[in-house]
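*Asks:* Spelled out, the chains give:
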Amino acid sequence: MSARELFSFRNPHTRTAVSVTAFVFLLSALIGFVLLPLAQPHLQLAGLWDAICSAAGVPRGVASTAAPPAEPTSKVVLTSATLAHPSQQSIGRGATLAQRCAICHGPTGISRADSPNLAGQYAAVIYKELADFRSGARVNAVMTPFATNLTDQEIADLAAYYAYLPRLPAFHPEPPRAPGTIVVYGAPSRGIAPCGSCHGSLDNKTGSPWLEGQSAVYLKAQLEAFASGQRRNDISAQMRNIARAMTSAEIEEAAAYYASQPAEVVKAVE
Amino acid sequence: MLVNRRLILAHFWLAFAVFGLALLLGAWQMFVRSPLHTWLSNPEWYYRSLTAHGTVMGYVFPTLVAMGFGYAIAESSLQQRLIGVRWAWTGYGLLAIGAVMAMVPVALGRASVLYTFYPPLIGNAFYYIGVVLVVVGSWVWVALMSVNLYAWKKAHPGEVVPLPMFANVAGSYLWAWTAVGAALELLFQIIPVALGLKSTIDAGLARVFFSWTLHAIVYFWLIPSYIAYYTIVPRAIGGRLYSDTMARISFILFLVVAMPIGIHHVFADPMVGAGFKFVHSAFTALVAVPTLLTVFTICASVEIASRLRGGRGAFGWVRALPWDNPIMLAVTFSFVMLGFGGAGGLINMSYQLNTTIHNTQWITGHFHLIFGGAIVIMYFAIAYDLWPHLTGRALTDLRLMRTQLWLWFIGMIVTTFPWHYVGILGMPRRMAYYDYTNPALAPEAIQVTISVIGAVILVISGALFLTVLIRGQRTPQADSGPYRFSVALHPPTSLPAVLNSHGLWIALMIALTITNYGFPILNLAARSGTSVPAVYVGAQ
Numbered sequence: 001m002s003a004r005e006l007f008s009f010r011n012p013h014t015r016t017a018v019s020v021t022a023f024v025f026l027l028s029a030l031i032g033f034v035l036l037p038l039a040q041p042h043l044q045l046a047g048l049w050d051a052i053c054s055a056a057g058v059p060r061g062v063a064s065t066a067a068p069p070a071e072p073t074s075k076v077v078l079t080s081a082t083l084a085h086p087s088q089q090s091i092g093r094g095a096t097l098a099q100r101c102a103i104c105h106g107p108t109g110i111s112r113a114d115s116p117n118l119a120g121q122y123a124a125v126i127y128k129e130l131a132d133f134r135s136g137a138r139v140n141a142v143m144t145p146f147a148t149n150l151t152d153q154e155i156a157d158l159a160a161y162y163a164y165l166p167r168l169p170a171f172h173p174e175p176p177r178a179p180g181t182i183v184v185y186g187a188p189s190r191g192i193a194p195c196g197s198c199h200g201s202l203d204n205k206t207g208s209p210w211l212e213g214q215s216a217v218y219l220k221a222q223l224e225a226f227a228s229g230q231r232r233n234d235i236s237a238q239m240r241n242i243a244r245a246m247t248s249a250e251i252e253e254a255a256a257y258y259a260s261q262p263a264e265v266v267k268a269v270e
Numbered sequence: 271m272l273v274n275r276r277l278i279l280a281h282f283w284l285a286f287a288v289f290g291l292a293l294l295l296g297a298w299q300m301f302v303r304s305p306l307h308t309w310l311s312n313p314e315w316y317y318r319s320l321t322a323h324g325t326v327m328g329y330v331f332p333t334l335v336a337m338g339f340g341y342a343i344a345e346s347s348l349q350q351r352l353i354g355v356r357w358a359w360t361g362y363g364l365l366a367i368g369a370v371m372a373m374v375p376v377a378l379g380r381a382s383v384l385y386t387f388y389p390p391l392i393g394n395a396f397y398y399i400g401v402v403l404v405v406v407g408s409w410v411w412v413a414l415m416s417v418n419l420y421a422w423k424k425a426h427p428g429e430v431v432p433l434p435m436f437a438n439v440a441g442s443y444l445w446a447w448t449a450v451g452a453a454l455e456l457l458f459q460i461i462p463v464a465l466g467l468k469s470t471i472d473a474g475l476a477r478v479f480f481s482w483t484l485h486a487i488v489y490f491w492l493i494p495s496y497i498a499y500y501t502i503v504p505r506a507i508g509g510r511l512y513s514d515t516m517a518r519i520s521f522i523l524f525l526v527v528a529m530p531i532g533i534h535h536v537f538a539d540p541m542v543g544a545g546f547k548f549v550h551s552a553f554t555a556l557v558a559v560p561t562l563l564t565v566f567t568i569c570a571s572v573e574i575a576s577r578l579r580g581g582r583g584a585f586g587w588v589r590a591l592p593w594d595n596p597i598m599l600a601v602t603f604s605f606v607m608l609g610f611g612g613a614g615g616l617i618n619m620s621y622q623l624n625t626t627i628h629n630t631q632w633i634t635g636h637f638h639l640i641f642g643g644a645i646v647i648m649y650f651a652i653a654y655d656l657w658p659h660l661t662g663r664a665l666t667d668l669r670l671m672r673t674q675l676w677l678w679f680i681g682m683i684v685t686t687f688p689w690h691y692v693g694i695l696g697m698p699r700r701m702a703y704y705d706y707t708n709p710a711l712a713p714e715a716i717q718v719t720i721s722v723i724g725a726v727i728l729v730i731s732g733a734l735f736l737t738v739l740i741r742g743q744r745t746p747q748a749d750s751g752p753y754r755f756s757v758a759l760h761p762p763t764s765l766p767a768v769l770n771s772h773g774l775w776i777a778l779m780i781a782l783t784i785t786n787y788g789f790p791i792l793n794l795a796a797r798s799g800t801s802v803p804a805v806y807v808g809a810q
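Chains as they are written, first to last, in the numbering used here: chain A, 1 to 270; chain B, 271 to 810.
Hints are computed from structural coordinates only; laboratory data are not their basis. These figures come from a predicted structure and were not determined experimentally. Note that beta-carbon positions come from the ideal geometry of N, C-alpha and C, so glycine has one too.
Cross-link-like lysine-lysine pairs, in silico, DSS-like; alpha carbons within 30 angstroms at most:
1) Lys-75(A) - Lys-468(B)
2) Lys-205(A) - Lys-75(A)
3) Lys-468(B) - Lys-205(A)
4) Lys-220(A) - Lys-205(A)
5) Lys-220(A) - Lys-75(A)
Facing chain A, a subset of chain B residues (Cβ under 10 angstroms, in silico):
6) Ala-552
7) Tyr-704
8) Val-768
9) Phe-789
Model the full assembly from the supplied sequences, consistent with the hints where possible.
*Replies:* Rendered as structure tokens:
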């Protein structure tokens, strides 16, 4: 029973085992790589080798037939490392640049005019929205001209500055409301995830803005813009799909809930 | 000749203790996502519990059972002292430390990624490092099984390797090779991202690596149960093993065809070519062969036992079986669940039928029926059979043992049958709650409620199981004699080399892994632009 005897084709058992295994593999490969691809009428194959390559999963160099989008789409790639650990210089430059934002977004980053509160907003969110205004993926008569001439560095500095500011109570805070069904549970049967699972209350996900204390008018207007397709800078249409499926009562409920939430205790940025 | 009883008992006790805890989590999950509970206001709790349940039941519990049973087999079937006892304790320690290290971040909600990891979702690095330690601890066992068999062969040249050890070592080699897939995924893909060294991950490649592990791991879980079918059941019911050769053929077939089939788990994924999916589907069909051989051989062995007890007639012998024997009950229940679960498995492996049930509750029902049912009920049988030899005290309460096995069987059927059914209705898996007020989902509510009742029965059965074992540690001392395995009807006196060694089958296992996985892995690894940003659990 030496190893040489075991691994020799003179051993009838070895011969049988190896042949049967090879036969099963070759037969299934013949069916899977040749017969089945050739039997598919919708696969336009150039021949045997093309059939084998197609079944093996080799990219086949077919030109993309998808039409280019009619409107510019967001090209910002966000990870949780985007803009982490900004320098003090970056925050300082951002503070200077932010003077031109203060007329709408407030000198402390808290708006008195139903514009978004920016103080304490996640850096990734500010970064993405400014980049989208600049590229035209998001359009607003007031914001677009401001963003058009910003450099990458200026956008990053503004993001770092607003993320650094403490979260303050909204300008005219209402008493906090209890979270409604749409915030806590969403509507699973309509494919609506809970608002709170990305935007705060339950959890926060990379790239989702912090909504607590934002103006109800602003939140409602954005949900309606997503629903109508007027705003389209959400990656993979995540918010458009959700907002389209929401009822107007749910939009009101979500906007009123987040508007009434007090600012969290100041978060520190090292 | 069981010498290192404390070592073996330590493995079994840790296994069953964590099993008890994870069983409670499982029942809680069944309850909160049923219509009996209002929706969880924070679904994160559900995924946290699910990760803990899966990690313990998938990685820790069966590995400990296989290891403890493996040491018992090495000592009692080879009739020699275990070589490397210190190493064995080291492996046990690594496994225990790894399990705790993995569970701490899960309990803190920092690693709710489910036990199948799901990149690009990335949790706390300690979770993955803990899982790696569990695997490394089990590899110590793999090496020890190999060393002990080698030493025995040196001392007994040309003799037939006892069947339990032959099967046990086959199982250990299968595990050593199948764990490589998840190890590659963890070490080269996930852990660098979890540690912050990289921020992107090739999720498609990671899923292919995981499929390498994910299917064959089931056969690693299953092999202790199959060893029990062949080497415990015939002896325990007073019969003979019908064919020793058939048993060996079954185990080597598992070694060869359990590995190159995992891609049937990613039938719906676009990154693998349809040709490879077909080849894996064909090999998955083949894995039914060793199970069918086993069912035949064990039924024949059981018939021998009945005829020896005076059973007569074409079917009348069934009545003459020792139905009051817990092992007889366990193997019967196990076969019934294996039959239903196996039939469901044939649907999963079929390329077209799979599309109907892919990612539905059918799949969860399926693997609970096979693993939680057919396999775990044999773990109970193994524990009942070994316990008197490990503790030196008799297990006296046969009625409680029978009740426990009945409840496990009934509980598992009541849990998993409706679970399969709602899957066919299209209920997706991995969700924390369902809107049962929706007319489309309303018919599923009653089924899910029935499942919860099954889960409660399972918890009761689990508690009874632990009660039997704890009581077994307190009864008066009684000598149970040496631990023996079944004797074959025709005990082999000499065997061809292929049935007495593993080399050829390991070579075929590796060869088929290369043919069936080599190209898909290289194709994905060599392509650029396939990585996506990692999504860190709890990151903002």
